[in-house]
Amino acid sequence: MTRLEFTEKLREGLTGLPQSDIEERAAFFSEMIDDLMEDGMSEEEAVAHIGPVEDVIRQIVSETPLSKLVRERVRARRKPGVLMIILLVLGSPVWISVLLAALAAVLCVYITLWSLVIALWACDLAIFVAGAASVVSGIFTAAQGQAAQGAAITGAGIALIGLSVFAGFVCFYAGKLAVLITAKSAVLIKSMFVRKGNRS
Amino acid sequence: MDVQLKRGLLEVCVLAAIRNNESYGYKIIKDTRPYAELSESTLYTILKRLETAGMLTIRSAEHDGRLRKYYSITGAGIRRLEEFRSEWQEMMSIYRFVTGEGTDNDQT
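Protein chains in written order, with our numbering: chain Y, 14 to 213; chain F, -5 to 102.
Keep in mind that the hints were calculated from the coordinates and are not lab data.
Careful: at least some of the hints might be erroneous.
[What the hints assert, rightly or not] In silico lysine to aspartate or glutamate, EDC-like type, Cα no more than 20 Å apart, as pairs: (1) F:K42 - Y:E36; (2) F:K63 - Y:E36; (3) F:K24 - Y:D47; (4) F:K21 - Y:E51; (5) F:K24 - F:E5; (6) F:K63 - Y:E25; (7) F:K0 - Y:E76; (8) F:K24 - Y:D52.
[To be verified] Reference listing, derived: stretches of chain F covered by chain Y, where coverage requires no fewer than 3 residues with Cβ under 8 Å from a Cβ of chain Y: (9) 13 to 21; (10) 29 to 35; (11) 55 to 65.
[Unchecked claim] In silico negatives: residues of chain F with every beta carbon more than 10 Å from chain Y: (12) D(-4); (13) Q(-2); (14) D25; (15) T46; (16) A47; (17) G48; (18) T68; (19) F78; (20) R79; (21) S80; (22) S87; (23) E95.
Glycine is no exception: its CB is placed at the ideal position from the N, C-alpha and C atoms.
All chains should be modelled from the sequences, with the hints used to inform the complete structure.
Right under this line is the structure:
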């Protein structure tokens, strides 16, 4: 790949970022290629040394905060034609509702995900409380003279507490998984902004 | 190595590379290469972060008919290097305590 091809692909892949950011990055890598060539590499070798342009793009996108991408999208759309404005206004009942529905859907997914985690923790807590209550109840039963029954109830209580500890680990890992899913989907949404930018 | 730790270490490496003289991108990578593997993308991010933190300044100058960016350390950058040195002196004494090296408990 030549230096020109590399920087062109870089610029394309970064559409959606502020133009100044894109130019800065392109200039940085162009300068780097020049220095590598000064050190003796050919243009092809220098470009190859930097690595696949897709990797570079991915790293840049993942480092750019979502707010920056959104702001740039909004800014890019600031001057639509008259026809565009008319269409936007006329069509607003449609696209506003669709947008709200989409946002609501995304929100529902997150609420569901985290409700599951919360529900798991609630069950865990319930088991623990039941166990603790049984332990106490069993002690009282034994104190009233019914030693065998008391022991059995306390024993069951201890078993429940043990179960809640085990279930606690399950809840913990479920929470970790939920965090992972949330983070991955955030990156996915970000890349949607960058990819969409390529079409406009 | 822990990612955050590595990032912090790379930052001070870059500062160290420009401590005595201003330097430019590729030279910084070459100077740090014996000690740490620094990719071009990573270097860009670090330089940007250091600039935002006021630990370096940038100037563009002509070199061989093209523009090259030169990075110089600032007072804040030098202070960061000093901080780093004292942080690690502390870490080294803890290290010696934990491993027992260099103390009376040295079993080696």
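Against the structure, the hints:
1. F:K42 - Y:E36: holds, 14 Å
2. F:K63 - Y:E36: Distance ~14 Å between F:K63 and Y:E36 Cα, so the pair holds.
3. F:K24 - Y:D47: holds, 15 Å
4. F:K21 - Y:E51: With a Cα-Cα distance of about 11 Å, the restraint between F:K21 and Y:E51 holds, given a limit of 20 Å.
5. F:K24 - F:E5: Measuring from Cα to Cα gives roughly 15 Å; hence the hint holds.
6. F:K63 - Y:E25: violated, 24 Å
7. F:K0 - Y:E76: Since the Cα atoms of F:K0 and Y:E76 sit roughly 16 Å apart, the hinted pair holds (cutoff 20 Å).
8. F:K24 - Y:D52: Distance of about 11 Å is within 20 Å: holds.
9. 13 to 21: holds (count 4)
10. 29 to 35: holds (count 3)
11. 55 to 65: holds (count 5)
12. D(-4): holds, 18 Å
13. Q(-2): The assertion about F:Q(-2) holds, with a minimum of 15 Å to chain Y.
14. D25: holds, 13 Å
15. T46: holds, 13 Å
16. A47: holds, 16 Å
17. G48: holds, 18 Å
18. T68: holds, 20 Å
19. F78: At roughly 23 Å from the nearest Cβ of chain Y, F:F78 sits farther out than 10 Å, so the non-interface label holds.
20. R79: holds, 29 Å
21. S80: holds, 30 Å
22. S87: The claim stands: F:S87 keeps its Cβ more than 10 Å from every Cβ of chain Y (closest is about 35 Å).
23. E95: holds, 37 Å
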